[in-house]
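Chains as they are written, first to last, in this note's numbering: chain A, 25 to 318; chain B, 61 to 322.
In case anyone wonders, no lab produced these hints; they're calculated from the structure. Backbone N, C-alpha and C define an ideal beta-carbon position, used for all residues, glycine too. Treat the hints with care, as some may be off.
[Said to hold, decoys possible] To give an idea of the interface, some chain B residues facing chain A are shown, with a C-beta separation under 10 Å as derived from the structure:
| hint | residue |
| --- | --- |
| 1 | Q65 |
| 2 | G190 |
| 3 | Q212 |
| 4 | L278 |
[Said to hold, decoys possible] Take a look, some chain B residues computed to stay more than 12 Å from chain A by CB distance:
| hint | residue |
| --- | --- |
| 5 | E122 |
| 6 | V124 |
| 7 | F152 |
| 8 | H216 |
| 9 | S264 |
| 10 | A268 |
| 11 | E279 |
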Amino acid sequence: ALQISRGLWKKYGDKRVIDTPISEMGFAGIAVGAAMAGLRPVCEFMTFNFSMQAIDQVINSAAKTCYMSAGSIAVPIVFRGPNGASAGVAAQHSQCFAAWYGHCPGLKVVSPWSSEDSKGLLKASIRDDNPVVMLENELLYGVPFEMSEQAQSKDFIVPIGKAKIEREGTHVTLVSHSRPVGHCLEAAAVLAKEGVECEVVNLRTIRPMDIETVEASVVKTNHLVTVEGGWPQFGVGAEICARIMEGPAFNYLDAPAVRVTGADVPMPYAKILEDNCIPQVKDIIFAVKKTLNI
Amino acid sequence: PPLPQDFPVPEEKPQFPGASAEFADRLEFIQPNVISGIPVYRVMDRQGHVLSPDQDPQLPQEAVLKLYRTMTLLNTMDRILYESQRQGRISFYMTNYGEEGTHVGSAAALDASDLVFGQYREAGVLMYRGYPLDLFMAQCYGNASDTAKGRQMPVHYGCRERHFVTISSPLATQIPQAVGAAYAIKRSDGNRAVICYFGEGAASEGDAHAGFNFAATLECPIVFFCRNNGYAISTPTSEQYRGDGIGERNPEKGFQKRGLEG
Numbered sequence: 025a026l027q028i029s030r031g032l033w034k035k036y037g038d039k040r041v042i043d044t045p046i047s048e049m050g051f052a053g054i055a056v057g058a059a060m061a062g063l064r065p066v067c068e069f070m071t072f073n074f075s076m077q078a079i080d081q082v083i084n085s086a087a088k089t090c091y092m093s094a095g096s097i098a099v100p101i102v103f104r105g106p107n108g109a110s111a112g113v114a115a116q117h118s119q120c121f122a123a124w125y126g127h128c129p130g131l132k133v134v135s136p137w138s139s140e141d142s143k144g145l146l147k148a149s150i151r152d153d154n155p156v157v158m159l160e161n162e163l164l165y166g167v168p169f170e171m172s173e174q175a176q177s178k179d180f181i182v183p184i185g186k187a188k189i190e191r192e193g194t195h196v197t198l199v200s201h202s203r204p205v206g207h208c209l210e211a212a213a214v215l216a217k218e219g220v221e222c223e224v225v226n227l228r229t230i231r232p233m234d235i236e237t238v239e240a241s242v243v244k245t246n247h248l249v250t251v252e253g254g255w256p257q258f259g260v261g262a263e264i265c266a267r268i269m270e271g272p273a274f275n276y277l278d279a280p281a282v283r284v285t286g287a288d289v290p291m292p293y294a295k296i297l298e299d300n301c302i303p304q305v306k307d308i309i310f311a312v313k314k315t316l317n318i
Numbered sequence: 061p062p063l064p065q066d067f068p069v070p071e072e073k074p075q076f077p078g079a080s081a082e083f084a085d086r087l088e089f090i091q092p093n094v095i096s097g098i099p100v101y102r103v104m105d106r107q108g109h110v111l112s113p114d115q116d117p118q119l120p121q122e123a124v125l126k127l128y129r130t131m132t133l134l135n136t137m138d139r140i141l142y143e144s145q146r147q148g149r150i151s152f153y154m155t156n157y158g159e160e161g162t163h164v165g166s167a168a169a170l171d172a173s174d175l176v177f178g179q180y181r182e183a184g185v186l187m188y189r190g191y192p193l194d195l196f197m198a199q200c201y202g203n204a205s206d207t208a209k210g211r212q213m214p215v216h217y218g219c220r221e222r223h224f225v226t227i228s229s230p231l232a233t234q235i236p237q238a239v240g241a242a243y244a245i246k247r248s249d250g251n252r253a254v255i256c257y258f259g260e261g262a263a264s265e266g267d268a269h270a271g272f273n274f275a276a277t278l279e280c281p282i283v284f285f286c287r288n289n290g291y292a293i294s295t296p297t298s299e300q301y302r303g304d305g306i307g308e309r310n311p312e313k314g315f316q317k318r319g320l321e322g
């Protein structure tokens with residue numbers, strides 16, 4: 025869907041690129057079975073909202089089988105597709121599943137932002153012997169990014185479980201994943217003009233989360249703002265805050281951490297309502313100023 | 061000691077619960093496609109001539125006009141709203157092209173209070189029941205006049221007064237819900253039926269199988285209306301299913317079935 029696999033069918037044919045009847049539970053189950061039998065399937069959900077129709081296969085079968093079989097059955101599957109808010113697609117097409125899937129032991133969960141992230145994380149996910157959920161973003165599909173020579177090389181991978189510092193700074197740490205990383209960089213550019221230098225951390229992986237990179241940054245800047253598209257309760261930001269409190273970086277915080285999240289409502293359709301439910305650059309700037317008390 | 065003839069011998073039929081089959085002493089597989097398709101009922105031929113006079117429903121002139129007017133209005137609204145979507149004024153639209161007849165025909169056969177569960181391509185049913193044009197438009201534009209307060213994507217209409225359950229995007233989820241509603245109606249002795257519309261693609265969903273099974277086992281007053289237009293998003297029926305169609309599946313499920321050409 026959304027032309028992500030365009031050209032692949034022409035190149036690799038029916039045996040490797042398969043259109044299925046409409047049953048998410050069905051095709052997710054088929055993919056899990058194929059993985060157990062030795063293939064490396066990539067199972068695409070048109071959006072992760074529809075993964076809810078297959079969630080038993082993802083969690084009870086893919087995620088838990090390696091543990092339940094004491095390691096004798098591997099499920100090297102990748103579930104991928106667009107996640108989170110898009111534009112004008114309302115409640116049943118806009119939910120972010122980072123927190124739900126990030127909650128489950130047995131799964132790895134990645135969330136790319138840039139082209140380099142998308143390419144490197146997909147390749148790493150396919151090569152990983154564990155089930156991986158790759159949360160892409162529909163609005164990012166059309167955004168071009170610079171790619172280094174190295175990133176364009178054939179075997180380039182981005183290791184799962186390592187965050188990336190997209191912008192160095194000294195006054196506040198902004199931690200984010202997926203599309204909001206871009207908003208954080210925009211906010212950082214605006215704030216730089218006022219003399220506030222933000223360090224922007226792109227998580228890249230939700231589970232296992234690279235909290236060490238976040239801690240090292242907080243130790244340096246003493247302030248933390250988390251930014252995510254998902255709902256606030258039990259979210260990615262909540263997890264980051266909990267872990268910071270449990271670790272060495274807590275003693276370096278000069279103010280409570282602030283979470284910037286999507287509004288705690290099902291996503292409405294009308295544009296003016298939708299715009300107010302998604303974290304904007306101005307919301308990030310506001311949160312930074314609040315935590316820095318300026 | 062007791063004699064063999066003291067023990068009653070069970071009849072020579074398979075004894076597992078619910079079985080009505082006989083024994084066979086030859087191993088033969090039932091071949092697919094041996095059963096030919098369910099016949100397709102029609103009153104008129106393609107030139108509009110009534111084939112058997114006793115099948116002519118003798119509709120009064122005003123009923124026929126209402127059907128025709130609704131179909132034309134629906135088609136006109138579709139063209140305008142589809143254009144709107146292409147121009148970026150609304151983010152999404154689904155047309156009803158070619159299915160206008162099935163909407164108004166089925167709607168006309170229902171009582172006004174029968175409960176309708178649709179998928180997303182049944183606007184003609186709501187239009188036949190008198191839902192005003194400006195409310196269709198308001199819903200698609202998500203403006204202040206929208207009874208759903210701008211919360212739903214376009215074509216996700218709903219109207220409590222006209223017994224049309226609000227459209228929900230995930231496919232086939234309405235099927236078990238429609239069965240549950242029919243069961244609730246049966247339990248309350250309501251003199252109403254439920255009709256559940258879905259496409260041939262949605263019939264692949266697990267919810268469809270579960271819904272059909274429950275309707276049969278709970279014996280619910282429900283009509284399942286499958287709209288087969290040859291495509292599910294972009295997957296053709298040749299890749300969606302094998303066999304003659306959705307009605308042919310699971311003939312033992314205890315349904316009465318008919319194919320219709322609209």
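Going down the list of hints, with the structure as the test:
{"no.": "1", "hint": "Q65", "in the structure": "violated, 52 Å"}
{"no.": "2", "hint": "G190", "in the structure": "violated, 24 Å"}
{"no.": "3", "hint": "Q212", "in the structure": "holds, 5 Å"}
{"no.": "4", "hint": "L278", "in the structure": "violated, 22 Å"}
{"no.": "5", "hint": "E122", "in the structure": "holds, 38 Å"}
{"no.": "6", "hint": "V124", "in the structure": "holds, 36 Å"}
{"no.": "7", "hint": "F152", "in the structure": "violated, 7 Å"}
{"no.": "8", "hint": "H216", "in the structure": "violated, 8 Å"}
{"no.": "9", "hint": "S264", "in the structure": "violated, 4 Å"}
{"no.": "10", "hint": "A268", "in the structure": "violated, 9 Å"}
{"no.": "11", "hint": "E279", "in the structure": "holds, 26 Å"}
Hint check: violations occur at hints 1, 2, 4, 7, 8, 9 and 10; the rest are consistent with the structure.
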